[in-house]
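A.B. asks: If you read the protein sequences in the order shown, they are chains A and B. Position one of the first sequence corresponds to residue 1 (my numbering), numbered consecutively onward. Position one of the second sequence corresponds to residue 1001 (my numbering), numbered consecutively onward.
Take the hints with a grain of salt, since some may be wrong.
Unchecked claim - FRET-style restraints, in silico, Cβ to Cβ:
| hint | chain 1 | residue 1 | chain 2 | residue 2 | range |
| --- | --- | --- | --- | --- | --- |
| 1 | A | F184 | B | P1069 | 18 to 26 Å |
| 2 | A | F131 | B | R1120 | 51 to 59 Å |
| 3 | A | Q114 | B | G1012 | 29 to 37 Å |
| 4 | B | R1128 | A | S133 | 33 to 41 Å |
| 5 | B | E1003 | A | L119 | 54 to 62 Å |
| 6 | A | E99 | B | R1190 | 37 to 45 Å |
| 7 | B | E1003 | A | Y110 | 16 to 24 Å |
| 8 | A | T182 | B | D1061 | 32 to 40 Å |
These aren't lab readings, by the way, just hints derived from the structure by calculation. For each residue, glycine too, the CB sits at the ideal point set by N, CA and C.
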Amino acid sequence: MEFGPHLVLAILEGAVGAAVLALTALGLSLVFGVMRVVNVAHGEFFMLGAVMAWFVAAAIGGHPAVGFIAALVIAPLVAGVIAMAADWLVLKRVNYDPEATIVATIGLLYIMQQSALMLYGPEARPVEAPFNSRIALPWVEWGEAGLQLYYPWGFGTTSYKLFVIVAAVVLLLAFWAFLSRTRFGLVMRATQLDRETALAFGIPVETVYALVFGLGAALAALAAVLIVPIQQAHYLMGGDPLLLSFIVVIIGGLGSIRGTIVAALLIGMSDGVISVFFSPTLAKILATLLVALVLVFRPQGLYGKTAT
Amino acid sequence: MLEVQDIEAGYGPVRVLHGLSLEARAGEVLCLLGRNGAGKTTTLKAIMGLLPLTAGRILLDGTEISALPAHRIARQGVGYVPQGRRLFSELTVAENIEIGLMAGGKDAGTRDRVLDMFPRLRERLAQRAGTLSGGEQQMLATARALAVEPRLLLLDEPTEGLQPSMIDLIRETVVTLRAKGVAIVLVEQRIDAVLALADRVTFIENGNSRETVTPSELKSDRALIHKYVGV
Ligand SMILES: Nc1ncnc2c1ncn2[C@@H]1O[C@H](COP(=O)(O)OP(=O)(O)OP(=O)(O)O)[C@@H](O)[C@H]1O
Ligand SMILES: [Mg+2]
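Let the sequences and hints guide you as you build the complete structure.
C.D. replies: The following block contains the structure:
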């Protein structure tokens, strides 16, 4: 009883990472898909979500579940509103020019990061999970005395981690339903496919852009609220989610929602497993190598369409 | 119905239209004729508000639509069939029509009437637009514009690359709409189609509007066609 249980544990950790990454990367993918904007500040909206979760929890007090639920609503809203303001004040002014928006969002990254440093400080602060009971996992193995059940075997997971996985799956399904079943989803998809024709058919493209940019940021913030009881909030925490989201979006295929989800599972899982057995750095190196390979052999990504 | 008055427009710093004017009337088909690159598509885009005007104005029944943001022009009752169809290729037939209905603020009644005109589309509502045949795609592009219930319909080379039976269908549709009092602006390269369908023809050359003539004048004076179209 050595490798097997540890693998199960690593997969569980990986699944938590993959769940949060899928939500974060979805926001980046959505913004790129619809607006053709590479949002370098995406990780900062993730950070903003985590920091907001801390502020909300600290302000409300009482049972951790109350603060947590409030944060789940407030943090994405605040991130979304700030993103919409940034869209209106900056991105719209540079006409969504691909290069100018990269520079603009780099500027946004530093403004947000330094604002967080000033207002929140350099400390890493935990946010208490709404519930966090340990769940011991059973393990079954064929030993000398036949089939043996180990329970508990020392390691386990927590109910909160399982909750994060379930919550992310529910949110992803809800997002998919929103995109494919609602009028606004239809309008977003039409705008993504042909901006000019969308405009000719009465779609207020600029409003759609602002809402999409807000929605992308809100997804990152939501993911951060989910992870912050496990990870702590810090003003520099946006780097890793940004890097991993880019990796996921490139591997999945720019602008493809399905590709983003599949790649997030792949990268999140392998990141978790490799981090447990080897080191987090190796996990990042391998993921980046995978991006290079994808770019060489399948530049459009797993599910991307070749330019037509 | 539609009055385009001395408009200047272009793409970024490049000016393509230099003081172009035209007029389309209710229950009439106005054909635009001109060489490749003369500015016919650019004219229609300018009417749809997709290009900023640097001079001139565009009126629809007296309303200055060139002062409206682009996304509010369709709701004024303007349907657009772009050159090359420009369908939302990843969306289904039903979704493409839905976009048209939303643009015009129309409901399921309009949807039924439009689908009655193109029964082939009704059989394919769940099919992705990009997988339709060329003729079906043109039907869908037309249906999407008709879902707006336009009083002004702009058609940019709707018969490009279609077989004769499909061309007839498009032509019949135009005739039906004209009889209902819709004003139609049709960009068409094929002279026989223009002669058969047009009430008036405006020639476009180098981003300017030249003569406007009737088909009978055109038949008697082939030199015009030679001068502006080169055939
Ligand atoms: N997106 C664009 N950017 C810059 N110039 C453009 C653009 N689209 C068209 N043009 C230029 O504007 C001029 C008019 O083009 P337009 O498409 O209006 O011609 P057209 O009369 O529709 O021709 P065709 O019969 O080939 O469709 C051309 O010189 C073309 O090169
Ligand atoms: Mg053209």
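A.B. asks: Given a hint of 32 to 40 Å, does the C-beta separation of A/T182 and B/D1061 actually sit inside it?
C.D. replies: Distance hint for A/T182, B/D1061 holds at roughly 34 Å.
A.B. asks: Could you see if the CB distance from A/E99 to B/R1190 stays within 37 to 45 Å?
C.D. replies: holds, 43 Å
A.B. asks: Taking the CB of A/F184 and the CB of B/P1069, does the distance hold inside 18 to 26 Å?
C.D. replies: This hint holds: roughly 19 Å between Cβ atoms.
A.B. asks: Could one say that the CB atoms of B/R1128 and A/S133 fall in the range 33 to 41 Å?
C.D. replies: violated, 48 Å
A.B. asks: Verify the CB-CB distance for A/F131 and B/R1120 against the hinted window 51 to 59 Å.
C.D. replies: About 57 Å separates the Cβ atoms of A/F131 and B/R1120, which means 51 to 59 Å holds.
A.B. asks: Taking the beta carbons of A/Q114 and B/G1012, is their distance inside 29 to 37 Å?
C.D. replies: Given about 36 Å between the Cβ atoms, the range holds.
A.B. asks: Range hint 54 to 62 Å: satisfied by the CB atoms of B/E1003 and A/L119?
C.D. replies: holds, 57 Å
A.B. asks: Is 16 to 24 Å respected by the C-beta to C-beta distance linking B/E1003 and A/Y110?
C.D. replies: Violated, since B/E1003 and A/Y110 (Cβ atoms, about 52 Å apart) do not stay within the stated range.
Hint violations for this structure: numbers 4 and 7, all remaining hints satisfied.
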